[in-house]
Each structure stands twice: as C-alpha cells, then as structure tokens.
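*Asks:* Protein chains in written order, with the working numbering: chain A, 562 to 941; chain B, 562 to 941.
Think of the hints as simulated: they come from the structure by calculation, not from any bench. A quick note: this is a predicted structure, and the numbers were derived from the prediction, not measured. Hints may be right or wrong, so weigh each one.
It does not matter which identical chain is meant; a pair holds if it fits inside one copy or across any two.
[Claimed, not checked] Simulated pairs of lysine to any residue, SDA-like, Cα-Cα distance not exceeding 20 Å:
(1) 924 <-> 570
(2) 928 <-> 573
(3) 618 <-> 941
(4) 569 <-> 926
Number of protein chains: 2
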Amino acid sequence: MDNVQFAKGLEGVIAAETTICKIDGENGKLYYYGYSIEDLAELSDFEEVSYLLLYEKLPTSAQLDEFRSNLRAGRNLAPQIVEMIRSFPEKAHPMELLQSVISYLSGYVEHKIDHSPSCNCRITLHQIAQISTVIAAWERLRKGKDFVAPRDDLSHGANFLYMIRGEKPEPYEGDIMDKCLTLHAEHGFNASTFTARVVASTLSTCYCSISAAIGSLYGSLHGGANERVMDMVDEIGSKENVKPWIENALSKKQKVMGMGHRVYKVKDPRSTIMEQFLVELSEKKGDSKYYDILKEVENEFRSKMEAKGKPIHPNVDFFSGAVYRLLGIPVVLFTPLFAAARVSGWLAHILEQRKDNRLYRPKGLYKGTEPKAFDPIDKR
Amino acid sequence: MDNVQFAKGLEGVIAAETTICKIDGENGKLYYYGYSIEDLAELSDFEEVSYLLLYEKLPTSAQLDEFRSNLRAGRNLAPQIVEMIRSFPEKAHPMELLQSVISYLSGYVEHKIDHSPSCNCRITLHQIAQISTVIAAWERLRKGKDFVAPRDDLSHGANFLYMIRGEKPEPYEGDIMDKCLTLHAEHGFNASTFTARVVASTLSTCYCSISAAIGSLYGSLHGGANERVMDMVDEIGSKENVKPWIENALSKKQKVMGMGHRVYKVKDPRSTIMEQFLVELSEKKGDSKYYDILKEVENEFRSKMEAKGKPIHPNVDFFSGAVYRLLGIPVVLFTPLFAAARVSGWLAHILEQRKDNRLYRPKGLYKGTEPKAFDPIDKR
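Looking at chain A on its own, in the form it has when it is part of the complex (with noise of 0.2 Å):
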C-alpha cells in the first residue's frame, strides 16, 4: 500500500468529457458551446448566454424572448426569503445566506431530475433569476435601506444595479455589467463547478447541487481574488508608489494579486475586455486612478517577471474589482457576484452531469492505525 501514487486534489485527473467549455490556454481564447467569449461579449447579453449554457445552441428570436420573459418574471422574491435575508446576522457572508436561500427555494419546486427538455434545471429559472436580487436584498437590507422590487424592463446586469442604488442605472453601466455576468459565466472545471457535478451525480436536486457549489465558491483559495486585488491597490494608493511596491513585493517574495493563471500562457481574454471596461468607466467616470495604478503594475510586474524569463499576464480578476468598484458595488459583494454569474455555467454542468451520469465515488488511501482494543475510560 505504501507506494500507491494518486494525485493529491486529483491534480491532472480528468474527472469527465465535456462539451461546454473550451478553454485554449496557449492562444488565450475561450469559448462557450464554441462561440468565443469576445463574440458572446460584444454581440449578446447574459440571458442570451445563459440560454445557450442550458440549451446547448443560440435561441431564435422567439426563443429568446419566452426565456427573457420567464427569467424576469422570476426575480422577485418571495416574501419569507426577504424575512431570511433580513433576519441573517450582521457580521455573517453573504455567501452563506446565499447557499442558505438556494437550498430553501429547493423546497418550493417540484423536481423532475433528468436530461429532458421539461427539467426543472431548464422550467425553474429561480437561480438564474433570483441569486442577484438576494444579493441586492442583502446589501440594502443591511444598510437599513428598503428592499427595491425588480424591474422586468432591465437586462440581467442592469437590473442587479438597479436594485442596489434604488434607481436605474447609465445604459452604459447596465451594459458593462452585464457582459461582466457573460465574462463569468463559465469556465470549466474548477471547483465549485466540479462540486456542482459531484451533488447532481447522485441525482440532488439542481438547486441542492448549485447551493453546493456556492458553498464551493465561498472559499478563499477559490472565489474573493477579485477582493485581493483592490486590497493591493488600495495599498499600493498612487500610480507613483507602484514601482517601489513591486519592488519590495518581490524582494519579499510577496505575491502580486491577479496576474498569471494556471491555464493562460497568454493574457486572459476575459481580463483584455474587462480592461475594455475599465478604460471605458474610468472616462465616463472622470476617475482614472484604479486603472492608471492596474495598467503600472500589469507593465512593471510584467517587465520584471519577462527579464527573469517568467512572463506573466493579468487574469480575469485583475481588472473586475476595480470595475466594480467604480460601478458603485462594495467589495463584500464581489464573490456573490461571481455566484450570480456562474450559476449558469453550473446548471449546464448539471445537465450535462445528467445526460449520461455515473456516480462520483473516488477511494481513500487508509494510512491509519491498525485495530486496537477499547480502552474502559477509566484507563485512557
């Protein structure tokens, strides 16, 4: 037994096909059911997305608008999820009252778990629709504001600031975070994603299986880097402090947040539009300083890491904390937002998980003492 290698957090194991998402690491491009992710930002919206995550294809024109009209008349929240929210402890996450309310709406459907076009994963758009309004909720409720109802005449991300500022927002922040929810819709295997499978394959709900996945995402080593990078601007406070910051950063082998990825070779393609986005708020906004601090340390790290022969790029998180941040959403919000774009990318998971499911049941490797007598307590 001692020499049985396995691959400690199944590191290079592949766990399933899939035919979701196609990430091509050395040339810096992803695409969702083969549509790249520049395309899907600059020519759809993230209901449109979504659509294709849980139907594998584009919708025509009347697909799309029964799925937008099913999907915005589910965002409201029913009246005991807003007592849940509003009764949850002041110092507690977000993302636990997030898994919390995901597993409750659970009990509010009648589930018909399978692959089939009527799956509740694809009728039941209540994760899709609702994980931001609880966000909104959230954020109001705890600063003593009212709740503010969804309205049905927003897109997804316009409606998300909506809710949260009590009133509508620029077209162009509606739009920008939108595709910010398309940037984030999917991407694989990672583990939030990779739990989602592991609670459907014993055939849970899709609902269980997403709260699951917040779970998942809550983590540290998971979602929250986003957070970590404005921490590192708010440090690092004027373009002029950049250079000696990475200089001592790396003196201190400290590490520099948001930039290099395990996949990417090259410059993330969602972090290139996200920089799109960032420009464009940061003139619209008259406040260039975020980006002006970002683009230093992307061009200073670089440089530096180039000339030691490690080349490294900004992932996708480099720029979104400063995105948000200018779109007036507080940092504490940053993973749920993650949440309430991911939930798509999940279900398609879901449902593929489904199509042709099996189990996960992986071995322990027991390393542990050999039978031994009870012990009566008094001789321990």
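Since the structure of chain A is already known, use the hints to place chain B on it.
*Replies:* Same frame as chain A, now just chain B:
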C-alpha cells in the same frame, strides 16, 4: 485526445490519504480510528464516538464530560431557525431544509479555518448538536404540533426520540436510537463525504461544507436506500409472500433492496448489529412482522444467489428502516437521520482535509464543437 483514458465517476481513483475509517470488505470489519464498530456500538455512545471522530482519540472522563455538556448546551434552536422551519413549504423535503439551515447557521459563527485545537469545527458543535433538533422540529411543526425543546439529560439518540414524541422514550429505545447513530457516523469516501472534502478544500467554512454534503446525501443514488427497503417490505406484506415475491423479482431482474455492498464481500458488520436491534425491538414491542419478512428475504435471496455462485448479504440499510419504524420514526426522516449521524464523520474528514490541504481541481476532457462564428439572431 480521443484515446485519453479516464474513470467515469472517478471509480477506483484515489482522492486522498485518510486515517479515519478502515473498511475491511473481505472480512466484514469496520473501524473508526482503529476501534471496531462492534466495540463502539456496545461500549460507547454517539457523543463519545463524535469526540473520537473529531479528536482522533477516545476522551478521558473529564474531556468527555466537557464535550457532552457543550454538545447538549448547543441543542436548542434560535427563534429565526424555528421560523425558517415553520415557513418551509409543506410538500418540500426536510433534506432541502437541513441543507439550508446549516449554511444559515454558518452566519452565526466567527470562523477560524484551520486544523488547530481551537478550530471552529470542534468548538462550535452546532452542526452535530442541532441537525437532529431541526429534523424533530420539522416533524412536529408540519403535523401542527408544538416544537419540543431538547433536554440536556438524555443521550443524543434518546433526546431525538423525545423531541419527536414529546415524551421520554423507554431507555432501551433511546439506547438503540443512539447506537444507530454510531453505526452511521462514518464510512469513508462516499459521495457526500467527498463533497464535504471538496468544499472544505477551498477553505470554505465547516458549516458550508456540511451543508453541501447534505445536498449530496439527499440524492436518490446516495441516501434513501432504507426507505426503499421499507417500500419493498410493505409491498411483500407477509412472510408467506416472500418466496413468490423473490421469484418474481428475480425473473424480472428487479433489484432486491438492502442486499449487497460495493465493498463488503460478506455481511456488512453494521447489518449484523442492526439485526440484533431489530430482534430486541420486535420482542419488546411484540411485533415481529418486519423482522420475519426481512429475515425470510435475506435467507431466500441469499440461497437463490448462492445457487448461482453469487453470494450476497444484507447491508446496513436492510434492517435499519424497520428499526426506525418500530421506534415510530416516519420514512421521510430516514435520510435526514443519516445526516444527523454522518455529520460527525463529515467533520472528521473536513479536519483531515485541512491538515494537508490541496484544492480539488480535476480536469474536464473537451469533446465539444470547434470554434464557430456567432450567428445574428435572424439567421438562426
């Protein structure tokens, strides 16, 4: 890419080393940290077994007193949790509620995520203490009865029966209930335990990890086998009907529930103990109908299968449903009770995962379409 090998459901793949649970399938033996399940069922109780699972050793008398007292002090529910239970949709399943409540409880705790002696997993025993209270509260409230607050002078199992019934159970009933929890407390890397470890590997909270595991256990491919054994018993109806029922089942290749186990090649040791409980309860209650049917199913089916050279034996689920029914527990609570017991094993695995953590991050094997152009909506 087409010839890449992988194991569906990670079958046979080792996910981690473990020192918690040794399963000797050839000899039908099960050990928690080296102590046999027979000794633990006979000489210990669920609270002490939970201590063993959390601290990796049996407690001294003083340690056990402190642990018991903390655990019992944590049994009662916050008013908001009772309200969540009361408002839960009537037709929904208590596993969805349990998953929701445990994430919600995460919000009540300041988390310390590590493997030190002061780690929250050990100090805040909410999850172990409260799951059975949530189950009992749901059972009472849905029947229009009052919530029965827990007592602190009863064992974990006896208190559960007390909270469901509103009156103290007979000592032998409380004792059997408590030992049933011990038998279900831990069993290596099943899907729910693996889920708990995957979520814990992101450094999410222990509550969020347990909540996810509950979602996994809810799936019909994981929990719920003892419910189906009782469906079978009810369908058979009498001892006399066993032979024709089995013959019919075999001819239709219909599954005989509760027989056979992936790991145990002989009788599941938990089943042997569970059978003793059923014999005792049948005698005390003067009702041996379930036992008579089950024993006849075991003998009939085993002899038929032995004749085919396929020896097969009862697993833990074979007798447990009948034990629960004789204790007055409705079928819908069988899987939640599994969670009430397994929570201690899940916590042991979460602590073990954190000791030498690596994020679970397997790969997907892309088999989808090649990149394609985004068609305008009127061209689809």
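*Asks:* Evaluate each hint against the coordinates.
*Replies:* Cross-check of the supplied hints:
no., hint, in the structure
1, 924 <-> 570, "both (13 Å within a copy, 11 Å between copies)"
2, 928 <-> 573, "between (23 Å within a copy, 17 Å between copies)"
3, 618 <-> 941, "between (65 Å within a copy, 10 Å between copies)"
4, 569 <-> 926, "both (12 Å within a copy, 19 Å between copies)"
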